[in-house]
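Take these sequences, add in the hints, and give me the full structure.
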Amino acid sequence: MNVNSPNISGRRVFVFCLVFAALLMDRPQRCQAQDKLNIVTTTTNLKSIAEAVGGEHVNVSSIASGSEDPHFIEAKPSYMLRAKNADLWIRVGLDLEIGYERLILEGSRNPRIHIGSPGHLDASAGVVPLEVPTQKVSRSMGDVHPLGNPHYWLDPYNGRIIARNICQRLKQLDPVHADDYERNLASFLLKLDNAMFGSRATKVIGGDKLWKMQSDGTLDAFIKGYNEKILRNKQSSPLPGQETLSLDGWLAKLKPFEHAKVVTYHRSWSYFARRFGLDVVAELEPKPGIPPGPGHILQVMNTMKSEKAGVILMEPFYNRGDAEAVAKKTDAKVVVAAAAVNGQKEAADYVALFDNIVSRLSSALSEVSK
Amino acid sequence: MEMQLVRHSLCAFIILFFAGTGFAERSSDDSELRSLQQQVTGLRQTLKDANDRHSAEIKMLHEETELLKQNQAAAVSGPQASPLYGIPQSFNPDISAIGDVLFHAGRNDQNVERDQFQFRELELAFGNAVDPYGRADFFVAIEEEDGEWSVDLEEGYFTFDTLPYDLKARAGKFYSAIGKANQFHTHNMPWVDKPNVIRDFFGEEGMSEAGAELSWLVPNPWDNYMELIVQVQNNSNQASFAGDQSNDLMYVTRLKSFFEIDNDSTLEVGGSFAAGANASTGGGHRTNLEGLDLTYKWRPAQQGLYKSVTLMNELLFSQKEQGTEDTVDSHGLYSSLEYQFSRRWSVFGRYDYSQFPDDSKSHENACSAGLTFRQSEYCFWRVQYRHTEARGGSTTDNSRDELFLQLDFGIGPHRAHPY
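Chains as they are written, first to last, in the numbering used here: chain A, 1 to 370; chain B, 1001 to 1419.
Honestly, the hints are just simulated from the structure, not real lab data. Computed from a prediction, not measured in an experiment: that's the story for all the values here. The C-beta atom is built at its ideal place from N, Cα and C for all residues, glycine as well. Some clues are possibly wrong.
Residues from chain A shown here face chain B by an in silico Cβ test under 7 Å; the list is partial [what the hints assert, rightly or not]: (1) 65; (2) 74; (3) 75; (4) 81; (5) 291; (6) 316.
Here are the simulated EDC-like pairs of lysine to aspartate or glutamate, each with C-alpha atoms no more than 16 Å apart in a straight line [to be verified]: (7) A:261 / A:331; (8) A:253 / A:367; (9) A:212 / B:1057; (10) A:229 / B:1052; (11) B:1307 / A:69; (12) A:84 / B:1223; (13) A:203 / A:243; (14) A:191 / A:355; (15) A:84 / A:106; (16) A:308 / A:258; (17) B:1307 / B:1338; (18) A:333 / A:322; (19) A:36 / A:56; (20) A:328 / A:367; (21) A:305 / A:331; (22) A:255 / A:220; (23) A:203 / A:248; (24) B:1361 / B:1397; (25) A:234 / B:1049; (26) B:1180 / B:1205; (27) A:308 / A:279; (28) A:229 / B:1049; (29) A:224 / A:248; (30) A:36 / A:174; (31) B:1059 / A:216; (32) A:84 / B:1166; (33) A:308 / A:331; (34) A:191 / A:208; (35) B:1048 / A:228; (36) A:209 / B:1057; (37) B:1307 / A:74; (38) B:1297 / A:74; (39) A:287 / B:1377.
Put into structure tokens, the structure is as follows:
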């Protein structure tokens, strides 16, 4: 660092530039000596699905731990270190990671996971987003996402899309194990379908068809018709093994509460509510990301009374006190359920995440409906 | 005639034969016929069932095809294709404008200061990818000083973020990597003012010079984040280096290490070194600066929206060679603690001690305390009280009491900040 004359410093700068130019021109692709693909996901939900699809061929770590608000993650340097060795970066997308992703990707010095590279996967590809603004957005609307509500993983159907996206990318990055990824994907989808509809309905009708009919609202009629045919056949010419069908799983557990009115803390449950037929009548936040104030709380309480909403659904990272105060005055129940894997200890993976939400929600709804 | 008779007889015989046979069968097995009738009815029903099923399936397939078509259309022309995200806009840089308004009330021993409002700074930030090899960021500050408005390029650089060997580089104008506080932008500071040590050693605006930077993630056996930064910049800083007489370069090196103590708390330790000629008293004289910084942060994952603690400390040493072959050895430090106690509110306190790079016999002691209200992610209010005592050397002993009220507000997407 001893610079005694401009000549010497000029020479140093020249060497600096030369080395730098050489680095720019020669940019070899790094080869991974290890067998397993390193995957870094932004959330634990993506991690759980990536582990299910990747199986033994991947190492997955998540930036978020599952306990925190996914909107407010800070770009800790340790995350850059993790991203440095990643072969694949998977994000939720729809601007959920806008506050930190760029800093981590840049800080990682890993061009393989930059946006647009095969090592960068936006899991929302193919998801139909809800609440896409139809007019120019501004921050007067709170923390709105111009691309739509980013909490889409809370619809298990979108979990299928995420899994397919991941599988496709893994096959591209690691074609040698393509068959394994396909097999893992099939078994993940089966597990998810079984949990959603019950294993018998999935086996007899098939997952794809069930999701299709559930989305169309034709599933109940189909099951009814199916059962009527079985009964008719039984009377005329009974065939062995033909039994009537009934749905099981998450759908059946929440079926009795179809169109139940609920209030949520943040606008994060839209996808879940739509899939399971719940009506979200109000949010405790006056606008997304804006903490509740007394005036808005009063308004929510009036809405809850007039709409007969008996449940306030919220994530563990929000202030429970706000919700409890409202619940006390409206005779409602507060359901604290993690919206992310590992947000509560019961939510150990993507399927258990819904087991947990459905079980907490259905028991609260059955209590308030008594 | 004979032929006709034969023909008639034959016809009668055939009619009688068939009629006879039919009658015989009908009478012989009625129950078999009923069984056949049942079979036909069963077959008819099975056929109808199969037909119904196939029709339903075909209808469903048609619907599925329609849905797929719609989904595909949505995926292609969805939100991305709305007029808000049209092609021309997507090449525009992210543009943000951040205003900082201050009300300052001050009293010193002589009571000569005026209370007044000040539009301290309008920061315009532009940033976007230039090409697949890097991105550009510009931070333009429009400031009022003694009634005059000036436009100053706070920072403006190109970042090469696709270099191999864990390297990253910048070229342009940027803050020197000495400690942390020197690199804060106004809207990102946890206080109203920069610590005394930063202002005394680098000037009101901090040290931001034109130059080039190379940084490297240092591999280490502990697998910790360790970053080595080397900067070459003009030595045109007024306070510690050559100022207007700058015709040489300054070299800055910083080694920063980051530890995750547990899920909720982190520790960052940094050491910085800067060296360059200070031409203020003629050629050949140099300034060496050494800095140490330590930052501890606590933010519990689940309660992270409502609670956090940040403890930040910096220590700076300077050896500035003077004309008489004397070297002025001076130092300064600050220690700051911020506690966020609810979603929007936090309190902070800071202690400052600072000598001057040209005068180690004088020093300033300052204590600050304040309160921040974060109205939203893009707007905050802050009140800060500062008591400063200047002692010794060339400065007249005096003390000052100051009150700041700050409103900082921004529009645009600029919000991703280094940890």
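What are the numbers of the hints the structure violates, in ascending order? Result: no hint breaks.
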